[in-house]
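Now for the letters of each chain:
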Amino acid sequence: MQEQSRKPLSRRTFLKTLSTAIGGTAFLPLLAACQGTPPPGGGAQAPSGGPTATVLRAEAGAVEPTPAPRQAAAGRSTVIEVWYPYGGADAPLYEEYWKAFEDENPDIGVNAVYAANDLSTNAKLFTAIAGGKPPDVTWVDGPQVAEWAARGALEALDDRIAAAGIKPENYWSPSWNQTVYEGKVWSLTYGSDPNFGFFWNKDVFVDAGLDPEKPPKTVEEMDEYDTIIAKVDGNRIERLGFIPWTVYGAANSLFTWGWCFGGEFYEPDSRKITANHPNVVKALEWMTAYAKKHDPTKISGFQAGFGSGTQHPFFQGKTAMAPFGPWELSALKRYAPNLQYGIDFLPTGPDGAPPKSSWVGGWTVGIPKGSRNLDAAFEFVRWISTSDTATMIAGKTFNQFPGYRNSPYYNEVQNNPQLKAFYDILVETKHQRPVMPAQAFYTGELARAVDAAIFGQKTPKEALDEATVNTQKELDRILREGIS
Amino acid sequence: MAKIAQSLTGVRQHQRSQSRRKLYGAIAAHIALIGLSIVFFLPFLWLLSTSLKPEWQIFTFPPVWIPDPITFEHYGTGINFIPFWSYLSNTVIYCFFAVLGTLISSSLAAYSLARINWPGRNILFAILVAVMIVPNQVTIIPQFLIFRTFGWIDTLLPLTVPAFFGAPFFIFLLRQFFMTIPKELSEAARMDGASEWNIFWEVIIPLSHPVLATVGLFTFLNAWNDFLGPLVYLNSQSNYTLSIGLQQFRGQYDSLWGPLMAVTTVMTLPVIVAFFFTQRLFIQGITLTGIKG
Amino acid sequence: MATPALRFKRRGLSPQQRRDLRSGLLFAAPAILGLLIFVAYPVLASIYFSFTSYSILQPPFWTGWENYQTLLFDDPLFYTTLYNTFYIAIFTIPLSVIVAMGLAMLLNVKVRGQSIYRTIFYLPTIVPFVASSVLWLWIFNPQYGILNTLLWYIGIQGPGWISDPSWAKPSLIIMNLWGVGSWMVIYLAGLQDTPQELYEAAELDGATAWQKTIYLTLPFMSPYILFSVILMLIGIFQYFTQVFVMTNGGPADATRVYAMYLYQNAFTYFKMGYASAMAWLMFVMVVLLTFVIFRTSARRVYYGGQ
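Residue numbers (my numbering), protein chains in the order written: chain Z, 1 to 484; chain H, 1 to 293; chain L, 1 to 306.
These are calculated hints, taken from the structure and not from any lab test. All of these numbers come straight from a predicted model, not from anything done at the bench. Please note: incorrect hints may appear among the correct ones.
For lysine-lysine, the following DSS-like pairs were computed, each having C-alpha atoms within a straight-line distance of at most 30 Å [said to hold, decoys possible]:
1. K292/Z / K169/L
2. K169/L / K461/Z
3. K110/L / K22/H
4. K22/H / K169/L
5. K293/Z / K169/L
6. K169/L / K298/Z
7. K458/Z / K169/L
Please work from the sequences and hints to get the whole structure.
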């Protein structure tokens, strides 16, 4: 290829020639841009083919307008306000929950407000609580429970849970554990995400000359497969085996591979951060070696054409292997209907690391401090987490495994091979992300460490040492100041 | 005679070479200006071109410069992805009240500083100038907490209400301009029994249209472009302005470049159009206000 | 009658002065209120917060110098963000002055069509930062972006730009240079203010264009340059939107700038006290740097008629 002869541009040459380079472009009609805006919503024309076009168009269809706030049914004596974090295509489906809850609880109405789970939302919730106008119920991401509890943002639920006869053993243990902080229970788990199923694209395997029915069993094998699958055209990456740091963000990637390599992230009894656990370091070293193999900036160039979720390169056959959660099953069915794939346990890490590694993520539902309808609010929390109706909706409508083990949904799962694969993963799982009040900070630090290591700015050991020290300091500060 | 003739031809030659030099200079200037214009304008063309391309042409290499066929589908998708009209109306409300509030409060204060001779005005002026270098970040947290006590979080009020309490930079600009209006005009009005308000409203304001237009335009642009304010104060999507809506759109659909570019175009175009119509006034205003200080 | 006269004397105000004081205060009242509510109180409050630990949900409690100590001696990320901010400032400011001055001088040449050129150069500054950030993200796209395409046409394999840690800051600087329009207009106003007689005299003496630039234009423009440099400095310390939209601080912290870290501490980690301390350190740095610039430039800045 022509590009192979091209020399990479160094910063120095670039700065030297900045001024001349600026002028050397082709002339284009200047006023072309002033023709005015096309009418909004103007006529759509079909794209004239191209393999990616269908996929991208399908994705475009995935995105739907933001839901308007939902008003409770008329004539209810108590109305609770519920904040939920799902926008996009899933949002309209939530009506099923509100409706079913109102049907089963004739006295309680639900006002549902979509509140995206991003930086601004925590601010929104916290100011609402501090301002004395919190919602009655809010979804809380699993790893945030301890932090919100420590900050005094949640009501403890122990008495009500005991009264309702809910027991720890009703839940998948990591999902129960993530809701317990300082001996109290602060929320009930809504969904247990078996993180992750290892997906491989059979078509790409065939194309690369691999056996489509034999996924890699170890991380070493995964690396070998990558070498066979990767297609690099000059300086342009066309296809990769996988990208180790795109497992739902850099921090979740490190959790996934860190545990896979036999590492640990937190020592709860001594309250010690252990991001620099030798096996976590090993996992990051492996990710870094992968980055070096393909050149991290080339990979980020490759990645820049893709995104997360349905824009993940796996959906377009551009990566052949990826850890995914069960919710991707319906996304794959919808947006990449022809993609042939298999699901298995994650490959096993090196040097006697435990096989079938996975961890449990997922959301919980809790009551913000200051809710004025505690009884109705708890009824909703209990209902969404444990009732047959709600857990069946979770499973059937959202491919969401309930945190509640006794849900009838788990009988259905047995008959579906894809879901069964995830069920098997869930049964094996022992890990959840650390339950401690500096989790958001920790996540940020882990992401920074991954970034610094794969771009070669620090060794994996240095990067993780730093993350450990910083997070420990932050955790100690929060514990010392005794925020709760 | 001969000497004079000689020197005349010399002058003529000199003039000729000088005008030739001027011609070359003009050509060189044009070439440079056109070249640089292309550099500065190219991003806009790239924006427009991407927004009008069919999806598959966006991800081709080498790229297609002129979309074929031209398609408006991204505008439809982009605008339907987000509650575009609600973002737009929030933005317009924000801009309207910001401009209105700033013009009223800042011109009143500037009048007081420039045209009324009261003890303490120099101190006030000095404070205003000093305040200009206090970074946003120093005040934003306590301001956030103030508005929280008012219960104004997640409304447009924290963005619009402060405009009615004067903006130091614009007070400064307006004051500089009001100072240049001859004292005699207000003295004459005062002789006729006009109150300060009459003088302000009937003498000073009518003479200050260019600077008021400048301040209005700057305020409009600041509000239209404001990002940090809406980011900090607005939480519900129904209250979002365009700038924060676009950022959210980018966060969620980070590789849907077509719709992203379409929405960006839609957000950019009004300011470009506004600028085309007012640019003379705009640049005149900047010159007028004597930023020399 | 004696009492009011006495009072006037004591306060030293004539009836006219009293009227002036009253109407002066009345006209300035909104602004004075604004200063008190939106500046004075927040400034004092943020000084207080900077000595506390404050997470919004609980009332602040006094921790003394702890925030400052942690920032200065125990927070490597603080220095990383400071370094990134200075890096961007050190390249952006001089390059912006050069580019803006160059454009202004070109626009000051008497040829036709200047208002069109002026509009084009100015246009980028009125585009919302969020919009231009999204646009530049696409321009910088390593695989499909216009920049690497143009480089490819001339036979260069372009870098990863904004997604490459060693190129991310230069990328932001390039983007900043695209937006020099407002400084350009200010310089242009200055250029049109410079006394033409001096140029004519210099031309008669046979001065070259270069000599005229160095010995006439630059001295006359020096107050404008000083003014713009200080404003740019203040602006760069607050540099936030572009980074927030484009990179969120990555890759590998290469674009994590000061204002961004401050925002993160305040509104992601709810460390309001810590963030307030950062804001005050920033203010102190801006004031010190402004002072240094004034001092070092005192002899080189020429104010007409002095």
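### Task
Check each numbered hint against the structure and report the violated ones by number, ascending.
The structure breaks only hint 4.
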